[in-house]
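Trainee: The listed protein sequences correspond, in order, to chains P and R.
The opening residue of the first sequence carries number 29 in our numbering; numbering runs sequentially from there.
The opening residue of the second sequence carries number 290 in our numbering; numbering runs sequentially from there.
There may be inaccurate statements among the hints.
[Said to hold, decoys possible] Estimated spans, in silico, between C-beta atoms of each pair: (1) P:172 <-> R:407: 35 to 45 Å; (2) R:459 <-> P:249: 29 to 39 Å; (3) R:459 <-> P:147: 28 to 38 Å.
For the record, the hints were derived by calculation from the structure and aren't laboratory data.
The beta carbon of each residue, even a glycine, is placed where N, CA and C say it ideally should be.
Okay, here's what each chain looks like letter by letter:
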Amino acid sequence: MLQLKNLGKRYKTGDDALKGVNLEIPDGQLVGLIGPSGAGKSTLIRCVNRLVEPTTGTVTLNNIEVTSLSAGGLRKERRKMGMIFQEYALVDRLTIMENVMSGRLGYMGFWKSFFRKYPQADIDEAFRLLERVGLDHMVDKRADELSGGQKQRVGIARALIQDPEVILIDEPTASLDPKTSRQIMRLISELCRERNLSAIVNIHDVALAQMFVERIVGLQMGEIVFDGAPDELTPDVLTKIYGEEDWEATIDEVDEDEDITIDEKSVEASI
Amino acid sequence: MPVTTKGDLKVWQRRDRAKQFKIWFAWLIGVAIFMFCWEIISDKTTWFFVFDAPRIAADIGGRAWPPRWSYLSELWKPMWDTINIATLGTLLAIIMGVPVAFLAATNTTPSKRFLRPLALLIIVSTRSINSLVWALLLVSIIGPGIFAGTLAIAIRSIGFVAKLLYEAIEETDINQIEAIQATGASKLQVIAYGIVPQIMPAFAGLSVFRWDINIRESTILGLVGAGGIGLYLSSSLNILAWPQVAVILIMILVAVVISEWVSSKVRLAII
Chain P
29 MLQLKNLGKR
39 YKTGDDALKG
49 VNLEIPDGQL
59 VGLIGPSGAG
69 KSTLIRCVNR
79 LVEPTTGTVT
89 LNNIEVTSLS
99 AGGLRKERRK
109 MGMIFQEYAL
119 VDRLTIMENV
129 MSGRLGYMGF
139 WKSFFRKYPQ
149 ADIDEAFRLL
159 ERVGLDHMVD
169 KRADELSGGQ
179 KQRVGIARAL
189 IQDPEVILID
199 EPTASLDPKT
209 SRQIMRLISE
219 LCRERNLSAI
229 VNIHDVALAQ
239 MFVERIVGLQ
249 MGEIVFDGAP
259 DELTPDVLTK
269 IYGEEDWEAT
279 IDEVDEDEDI
289 TIDEKSVEAS
299 I
Chain R
290 MPVTTKGDLK
300 VWQRRDRAKQ
310 FKIWFAWLIG
320 VAIFMFCWEI
330 ISDKTTWFFV
340 FDAPRIAADI
350 GGRAWPPRWS
360 YLSELWKPMW
370 DTINIATLGT
380 LLAIIMGVPV
390 AFLAATNTTP
400 SKRFLRPLAL
410 LIIVSTRSIN
420 SLVWALLLVS
430 IIGPGIFAGT
440 LAIAIRSIGF
450 VAKLLYEAIE
460 ETDINQIEAI
470 QATGASKLQV
480 IAYGIVPQIM
490 PAFAGLSVFR
500 WDINIRESTI
510 LGLVGAGGIG
520 LYLSSSLNIL
530 AWPQVAVILI
540 MILVAVVISE
550 WVSSKVRLAI
560 I
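Here chain R stands alone, though its shape is the one from the complex (with noise of 0.2 Å):
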């Protein structure tokens, strides 16, 4: 189609006429379709405190600074408990999550008609929901604290490690897995030393990358009522002291660079 001849000439361009003219006019309709909606949410906002906004951010900055580095001291507690909690929050997930990846994985999942639903059903219905969500949930369950926070990170990521696992198990060499299978090998054992080695870069990729996350999840946990050091923020918010919150920001800053370079050295000492 896009070849016509101009006398001896064969002209090749990437679309042709009537191609090119439907993605022109798709353009047109998307950017139709954006002014429409920017004009919407212009008329709704109410613009004076959009041009004070600066004026309001530099006041809070000024007071939160000097940050208040004295209030450290009652930090490194509910600092730790926020590390616990994803940590145990992650190891609690990889658990449940590991064998929910293999029932979902098509090549592994010993009944594709009923355990495979229902291990995909699993995966959406945790992976949905937000963490401060199922936190919130959880808190009113089993009460406030720190086990309502590290069950809430477990159940958030449930979903991701069984998801990203099963697509894992699910790429891997067939090959090496009927060399095991014409040995005369188990399941299991087809399981343990075909599938398993394949998947373990992957594996502890997305593990040390769903604690990252978490690490980051479970600093707001407390907004809820869910322990560590979201509880202290929140407390700090409602009675405006600023430099208190100056200083957990910070924290929490220092606490995410470390948990990240951490995941990536993991990573790459593994692939």
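Isolated chain P, as found in the complex (with noise of 0.2 Å):
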């Protein structure tokens, strides 16, 4: 469970991009964060694992106050909490595998890393979640050889590592073609189910939030507007959080099925 209490965020530079947040996240739920450029949805979800430091409010994850901890305490619960980048954020240098085993470190002495001598229980789980995303044949490539789904795959496996209890996914699609998108997303709702993780997802995909996530809140400067269903979603929502326009079309239903068939085929042949 996490739970975000009255969340706030003033930057230095005056503006409040977060206005008294509150957001309550059950184990095992998908929720997608929509709004325009500028809400806030990237500071709140970097608010969480505090990547940005939140300037009031308090978030607690099973019961840990994230909020008040010291700089030693909040490594610990970082590790507790996966996160996947829009720019997917790889170490482009490193192997795969250097990359998924970073999702470890927390767990680990700094030599031992250093020298990557990584458990073999972590090695056999990198395995695991690399034949999960598809990637198992080449552990060995550098980072910057991969295409933006399959970094993206890495990224998400180095969140998965972690052991997390909570996965914190910034526009996990936003530099990725449409269809790709709808495998990634695709594949990490697959996987908070199968592993009963709670994660937030901000999107900037409406249909695609609508695909894949059960519950979604909008935010529109700093405040939520909107918690509910995806098929709640209607112009007049839309219009309340991103302002006047024709949403017809974006909120058009997708016929889900028919995408998997086509989708199988072509993970295998983009592998």
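Since each chain sits alone in its own frame, please combine them into the complex, following the hints.
Mentor: Structural data, given as structure tokens:
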């Protein structure tokens, strides 16, 4: 259970990015966070693991108050929070295996990690995860040799090998083509279900969000203006979140089944 | 500003009239200063010596030719010393310069108020004094010989290594670093996994580049008694043994060409 209470962030420039956000995410729930650029979506996600330090309010993960932890305590708590990034944020000059293993750094001593002496159990888990995301045959490739979709799969494996209780996902598909976007979102939602993980995912693509998440939160100017099921998103609600526009085409229902059969083949092909 | 209307036409020029005039005026002042200085230099030059120069140069060239090749047998040892001075000096500089770079970079320094200015002071002071001057000082402190030369090269190179490296550290991609931080890694692990891979190409490039410069600098250190081939150059010059000077100069030239070739090969291999 992830709880945000009265979470606020004011940047040094005086901008109020978050204005007292209250949000509660039970275990196993995948929440889509939508809203216009500058609404505070990234800030909200980064306040949870304190990559951005919130100015007011509290973040509580399974009864541990993240916002009051010391630096050392925060490092320990961050191990339970996986993060997936928009531009993948893999370390370009490290191999896939090293990138995945960087998810275990919080559990290792410095010299062991420096000399890449990973415990065999972690290596087994890395191979399992890489197989799950479809990349087990390329562990020794360097991260900068991969395509965007492949990089994001490595990013997912890195987040999951932390054995997290929650994953924070910042625009995972913003740099990907429409088909790869669906594959990545499907992979994320499947993995969250398999492992009973709660997750917050920032997403620009409303239709994509409706397809894969069970709950949608709309953020506008640092405040939550909508919280409900994907099918409750009406043109009126979207207008409230984003402003006036013709929304009928955006909410168009997409036939998911047809899409899956095409994708399975193309996953094989792209590998 | 640079857009003017002539009738219906909108005419665009790069600069408006006032700016154009300012630039023209700046050029006028620059040329005037140059002419004035030229006149002073011209007045203080003994032109007889200048006109005589080609004859003297031809005379020295005539005495130096043919080079006394038999002298080579005495030169291998000091040349080897010279290469060792350069290589060991560069290694020492790297060992001392790398920590200074991490103290100086704004994103890795542990204290911006105290340690960073200190590191910058080390960089500026070691860089601003020529290695020949360092050698002069060190020869009088620890006596003549190879050790003084090695130290002179090392001290002169600390600033170079540290400055280029700390600039590389500051230019690293923050996303990759944040991704490592988000896993719960310690500060040292963030450096080892997030920063070091990113600065490796710059580090390797600047190391061989500095080694290449140091080969050149160490050839003259002998002039002040700090060991190496410069010692033989200065004694040959003192007894006007021009054919020996010719051999030494050719040898230095060959060594410099080889070192440049090696460093360009290494840089290509790494990037």
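Trainee: For every hint, state whether the structure bears it out.
Mentor: Verification of the supplied hints:
{"no.": "1", "hint": "P:172 <-> R:407: 35 to 45 Å", "in the structure": "36 Å, holds"}
{"no.": "2", "hint": "R:459 <-> P:249: 29 to 39 Å", "in the structure": "34 Å, holds"}
{"no.": "3", "hint": "R:459 <-> P:147: 28 to 38 Å", "in the structure": "34 Å, holds"}
When each numbered hint is compared with the structure, no violation occurs for any of them.
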